[in-house]
Structures are given as structure tokens and as C-alpha cells.
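Use the sequences and the hints to build the structure in full.
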Amino acid sequence: MTKLNESLRICIMIRNSQKEQYGCDVMTHNGEHLIVSIIPGSIAERSGLKRVHRIVAVNGINVLELAQTQISYLILSNPLKCELLVIDPSFSTHKNPEWDRIVSELDSPASICLHSPYMLSSNNNGMEMIEKAVNKIFSMPTKSYSRVGEEESLLIDSEG
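Under the UniProt record's numbering, the first residue of the sequence shown is numbered 1, with each subsequent residue one higher.
If you are wondering where the hints come from, they were derived from the structure by calculation, not from laboratory data. Check each hint, because a few of them may be wrong.
Taking CB as the label site, the calculated pair distances span [said to hold, decoys possible]:
# : residue 1 : residue 2 : range
1 : GLU65     : SER17     : 28 to 36 Å
2 : ILE10     : GLU65     : 31 to 39 Å
3 : GLY41     : GLU65     : 17 to 25 Å
4 : ILE39     : LEU80     : 17 to 25 Å
5 : PRO79     : ILE10     : 31 to 39 Å
6 : ASN78     : GLY48     : 31 to 39 Å
7 : GLN70     : VAL36     : 12 to 20 Å
8 : ILE14     : PRO40     : 14 to 22 Å
9 : SER37     : GLN70     : 29 to 37 Å
As the structure is a prediction and not an experimental result, all values here were calculated from the model. Ideal placement from N, C-alpha and C gives every residue a C-beta, glycine not left out.
Written out as C-alpha cells, the structure is:
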């Protein structure tokens, strides 16, 4: 079983120009923000991003309770750089005793918004708050899709 500390990763994507694509697609389904495709050789692939990574934070901002449009805005907020805190797909939140223990010990995920997830991930208490917030969003009924690409255009399809 993969431990959460081993599953969290910061992927830093740096572009040479605004016209250059990051090379990944993000889909939000049931409140879970997933990388659904990676273009081979792209900036996203070189940063270590993998298909089905779950996005926890964008540019140091917790995105666990944000809509797809807000995540897209954060990705585009810096024209040349994007930092994603992601959970590796090998870490299953379902039927994972470590995850269940951490979730049961926490009162509320609200305090996760007070600090950067990068700072929080450096200590045990912060990691637990991230885990609780991730678990909370898995049941939210939303679905949308966006592609961050050339000339910063966004395609969004939401289903209610």
C-alpha cells in the first residue's frame, strides 16, 4: 500500500512563452480534479505530471473545493509558470486504513485554506488537513473539462 507522503508530488511547469502549451488536460468529476491526458514530451510530462494524478493545489492555493473554472483561472494566473501539488494515482483513498484513520481524527477541513498546501505538506498536521479536504470533495457531484493550451483558451463543459 502506498503511503500518502510518498504519493504527494509538486510538479512545476515552466513555459518559454505564453503560446507554448503545458500539454495536459484536466477533468473535474464528482469534485475530483484529475489529469486525464498528457502529451508525450510536453512540459507537463517533463514536470513529472502523470495521467490520473489528482490535483490538490495550484500555485500554492488549495483547489479541493474550487470549481473547474477557478482551477483553470489559477493555472493561467501566471503566464509562464504553474505549480501543481498532486496525489499519485497509486494512492487509493478507498479502503485505505491510513486514509480512513486520518479522516476520522479530523474535525474540519476548513483550516486547510489558511495556509499554502506546500507549507502544510511539510508537517504531519497539515498533511492530515489536506487528506481530509481531498476526501470531502470526492462526493461532490460536478463534472467539467478544460484544456489549457495555445493562446490561453479554455473549453469548459459542465453537467449538472
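So which of those numbered hints doesn't the model satisfy? 2, 3, 5, 6 and 9
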